[in-house]
Structure formats: structure tokens, C-alpha cells
Amino acid sequence: MEIEHVKGKIMEGMPGFPRQYGPVRSDHQPGVPFFPQESARDFVLIFLLVAIMFFLSAVVTPFLGPARSPQISELIVPDWYLLFSWGLLKVADIFPQFTIGAGTPLKTEFSAAFWGDLLSGIPVIFLLILPFIDRGREARPAKSPVRSAFGIAFLIAWIFTASLYSIREVVAQRWQTPNGSPLIDDIAMKWFFVIPPVLVGLTSYIGLRRLGYQPMRKWLVPYVGGLTAIVAVQSAAILFMPGWLGPQVRPYIVQLVIFLAILLIPMAVASFAVFRLPESRARKWIVRVGVAGAIAFAIAYVALEYTGAANRLAMSWVLSVLEPSMNTLLLMPIFAVVTGYLGVRRPYSTYEYLLNECYQCGKCHTVCPVTKVEDDALGGLNLVYNTFKKQHDGVPLWTCLACDACSAVCPLDIQYSDYILEERSKVHARMAADGGSRE
Amino acid sequence: MMETEYGPGRTIPHPVMFRVLDSEADDLTVPEIKVEHKSEYAYYPGCVDYYDVEMQFSHMNYGDTNHGIIFDSSVKLLRAVGIQPMILDRSFMKCCGHDQLWQGKVDVFERMREYNTKIIKMLGVKTFITSCAEGYRTFKLDYKLDGVRVVHITQFLYERGLRIPPQPDTAKKIRVAFQDPCRSGRQMPIDPVYEEPRELVKRVDNAELVELKTFRADAQCCGVAQMMYCNDKTKGLTAKRMDEATDVDADYLLVACPKCLTHFGCLHHENKWKPGEERYGFKVMDITQFLAERLPGDWPTGSNIDQKRKEPPLPGRRG
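Protein sequence lines correspond, in order, to chains A and B.
Just so we're aligned, residue 312 is where the first sequence starts under our numbering, counting upward by one.
Just so we're aligned, residue -13 is where the second sequence starts under our numbering, counting upward by one.
No lab work stands behind these hints: they were computed from the structure.
With a straight-line Cα cutoff of 30 Å, these simulated DSBU-like cross-link-like pairs (lysine-lysine) come out:
1. A/Lys454 - A/Lys595
2. B/Lys199 - B/Lys158
3. A/Lys454 - B/Lys130
4. B/Lys24 - B/Lys130
5. B/Lys199 - A/Lys674
6. B/Lys221 - A/Lys683
7. A/Lys674 - B/Lys226
Beta-carbon label-pair distances, calculated as ranges:
8. B/Glu10 - A/Arg451: 42 to 48 Å
9. B/Ile176 - A/Leu359: 54 to 60 Å
10. B/Glu100 - A/Ile433: 51 to 57 Å
Note that CB positions come from ideal geometry on N, CA and C, so glycine has one too.
Let's have the full structure, built from the sequences with the hints guiding it.
In C-alpha cells, the structure reads:
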């Protein structure tokens, strides 16, 4: 690029464009200042909104109705978006309740209400301190798997399972065993606060690390194998330990064994696949066995539930065994298969992984030495960007000097030369595989 | 200009040299090596002998650019700091594989790496000194030499405290520019070589270090990478870089990479073909040669060097 040509286009020093840079800048700064211009406009908007609210509350008074109380309805639930908080308040009685400093002015009561408030406040507290904990600049989940896994796990724990727990009375009424006791007991619902978030967190972590090229077999084998072992041991205990199965369920043991097999076999195949098979075959087998397991479960369920009263009764008794152990028997097979797949799936391809970071600032183009002498490049061809986009006929790939000037200025630290290395080796591998002569 | 499968207007010559190097890589049998004086320090000169042959073979140069002297200068400098290194020359080592790797011939590179690693481990090398920026990058990043410290020679000389004695009063002031190689500079995430060569040049008392227009991590490439092509475009880049040296009125353009020396030397030579139209008034040389010329004492006596020699070896010597 000729320097005179560039100088003609420089806006530096023109009105609105700064001549100096950095914190000690003393010249006119471009843009509209926050105070007083921006703040005046903001205050006008704020006062307008407050005025509207005062007007509405004064003139159009809403009818709130009587407060709900146990005398009016047995089941008290808030609006749906507050169910999670209500669930956390309900589950708070698992924490120890005690009082410190009784008889003094500093008396503090650690009651269920206190613990419930604290639980509801934890997400807010966490959001407040998050900017101070998380000082990294990575925003993509695959680049920060620990943080993302924690986030997803807490989302599940705080929103989903807590909302479900808040309507435990409804659950207990709606799903019952044939002899009238609730299908999902309180203990299983409480464990539901712990097991799914842990599983979701681990699964997210493994899947995200895998997207970032990490081979995850070291994690997969104990995880999937462990889940399989838990389910296998519990199934064996259900079937063979005396006193586990009630006398009402005994007649339906064949159906129960079928369901347990449908749950256990996909897990076993998935653990074998991640343990022994090469990744491409493991991926295929896990998908096949997972789909087959889901279909088999659906068929078995439909075949029992919708074919006569006797079969429906059998299904109810089978569910009375499966449902109280839903955290293990029903959840773990799903997570084992899904994690097995996520852990051996193809990671991002290099250019996709890297290009997703590129925001086309064009610094690489400015510094690229090739663009200074190549006629193609002077005409607007961006060597780096076009190579990433694969919008090239092989020329940028082989014209690149791999001098890394682009990576040195890249604000996102994209290692373009690594990409060049990989793509060039692919070309040679292809030439050799096609029967072409190797150099 | 010819049509190739990679697109129009690019020539990617694979010179005879690369055919030889690639076919060499197929032989993985480790020879018997007799070590005359064992040392934990080893010096690897790289493919400098090949470049001398190649430059003359392809008529790019008739002897102005001397690659072989990098070897002699390096050994002289290492002796000056009290090191008698094992010399891993190419009679039993293979090429480091940098060019093969960056040309995409990963299988050839892996064979070379396997062979070289075997020999380095066998000889019990603790500190691996190389005078080549590409070798530095390749041995440090692309090889897996656990327990072996890979250093560029300028780093090593700097940390051992190389002292250049005062130059005679008759020596005139010189302006010296340094070309930062891409491979040992911005491509190194650890231990990039920026300061050490500059510090060493500053120890020569009649030399004034001048910086080119782009330097350190911003330094422009010498124009050709991994010896893949030589055409008017790459020549244009080399010319741009050498014009920068003319702009700062340098007397010496120092490089720390034999490839830079090849390409600068080639253009330097080309522009001397017309008498009286010498475009570049400065000398291009490797930093080891520059420092070694300013050291008193004999030039090194190796197995293939005259024992009594006082002068530096002639260019074009087959190492």
C-alpha cells in the first residue's frame, strides 16, 4: 500500500476524529457526552414512566382480591414464574433449624423460612458477584466449559426441579399407585434437587470440552460406566433382594424385567462403546442403541397402557417400582447414552472453531505482506478471511507465507498459521490417498 | 508463470534439494556414531550446506552469500564462551523437517522427527543450540524433546555473557539493522528471540543498532516461506524489506535465519548484475558471522577444516 494513498484516506484530525489517543488525551473527544446531554434525556424518560405509574395507580386502581389462605384453598401456588422460589421455601426444612443467641438482643433464628429466603437469594447474590468472579474474556461455552456447566446445572436445579417441588401435592394427587399411595414420594422429589443438576453439569462439561478438541474418553469411561453400574446394581437389588418388591408387584415381574432390560441394555452398549470401540464406530453405535432404546420404551409403554384394564394395572405396578427410583432408573440411562454420544462426537472443525471468533476487523488484512504485492489481494481479496470461508481456489492457502503477522495483530489471538498447517497437510494427504504420487 | 493445480500464476517448485531431503527421510536406520568429545551441549547447524549447494546450483548466487560460514562462526562464538559443543551435522542428522511440515508433507516430517529425536536422545544432549530460527521453532514447538533445552544461539551467547573486545580505532562507525525472523519471533509463544541479538550487536562498540521500519513482533517477513516458491511477488516483498534497510541507511543487514540470508542474498546479488547500478549499499550477513568477525582468534578447526587457517572459509564450501 502506498503511504500517500493511505494518508489521503486518514480521518485523523478531521472534525470529530481524535488526533491523540490514550487516557491522557486532551483534545476534543468525539460523540455526545453523558453529562449533561445523555443524562438529561434519561431523566426525562424516567420521570415520564414514574408519572404514568402514579397516574395509573391513582386513577385505575387494580382489583387485587382476597389473599389466598389455607381456609380458601388447600393448594397455595404463586404465579408460574415464582414457582421456583416457592419450591425452595418448601424444601428448606431439610436444613437444620436452630436459634443462636436466645434471650439476647442478637437472637437469630435459623428457621425453615430463613433457609428458604437464603436459597431464593443465592441466584441473585451469585448474579451480583459474577462479574467479579469471572474476569475472563471468553464468551463461548466451548471455551469455558466449567463455567457453562455450572450455569446449566444451576439453572436446572433452581428453576426446573424447584418448580416441580413447589407443586408436590399436585404430583402426589395426580400420580398414584393402584392402592392409593403417591407414586413419587417426598424423598425422591428431594433427591431430584441433587441428581439431575449433577448429571446435567457433568454432561455439559464433557460435551463442551469435546467440542474444543479435548479427547474425553478419560472422563467418559468412569462416568458412563459408573451410571451403568448404579442402574445394574439397583435393578439386581429390586429383583433379587427379598422385601424390595411388594406382594402386589410380584405377579408383574415379567413386565418389570422387560422395562429394566430396555433401560439397562442401551447403557451397557454405550459404556462398552466408549470403552472399547474407536470413536467413529462408538458414535454410530451409541446413536443406534439410544434410538432403539427410546423406541422400545415407547412401544412397551403403549403396549401396556392402552391395551385393556389388566395391562394398564400391570403398567401401574411397574411404574410403582420405577418411579420412586426415577433419579437413578429413569434418568441415568438417558444421561449415559446422551453423554456417550456428546463425548465422542466430532469436535468443531478448526476453521469453524476459529472463524466463529473472527469479527472481521481486518487488521490481518492490513498487515499481511502478501496483500502488498499480490494483484488479487489488492483488488480486495482478504487472504485470511477468504481462506477461512473456503471461498478460494487454493491460491490464498498456498500463497500464505505463514509469517504469522496476522496472528500477531489479531485481537482474538486466532492462530492462522496453525490453520494453514492443517489445511496444507490435508491437501497432501488427499493427493496421496487419490493415488497421486507423494512428494 | 505457469498453470498449476493450486491455481494460476503460482509456481511451487520443489527443487532437487527437497526431493533429496524427502527421499533421505525414508531411511530410518540409526548409524554408529563415534563421539570424539562428549558434551551436554550440542550444536545443530541446520541445512546450511544444502543452501550453498542449492544457491549455486540454481544460479542464484555465485558466492556472495555464504551459508557455510554460519557454522564456522557459530562454533567460534561457542568456543569463545567456553563451550565445546557436540556438532550434530548433517552427516548423520536429518533436516529438522520445518519445510516439509509447512509444505504439508506431514508424513515426511514425522519420519525426520522420529529419526532426529532418536539421535538426540541417544547422544544424551541436555542443551540443544541451533543457529537457525526455523530450527529453533521446530525443535522447540513441533518436536517433543522432553528434558532437552532448545536455545537459539543468540540466546545462549547472551546468557553465557559473550564479550566482544574493543574494536581498533581505525574501525569506522557502522549502522547495523536486524531482521527479526518470523519463526523465532512472533511465532514463538514462549521465549521469543527479540532482545538477545540486539543486545549482542550493542556489545560491538563501533556498531550502532538501527531499527527497520517494522521490527520485533511487527517485523515484515523476508518474503519467502518454507522455500516454496520464488517469483516476482516474493521478490517484491524481499525488495520492500531491503528498501527499509536502505531507508535507515544501514551498513549491515543482519539476519538470524539462514532462509532470510538466502533470499536477501539472492536479491542483493541480482541487483549487482548491472555494474554501477548497485541498489543496495549494505552487506547482508548472519548475525553469527557479524559477531565472529569481530572476535579475535582463529576460525574453528573442525574435521574438515584446515587446522592452520587464519582466514574465514571461502563461500560455497560443502560443509
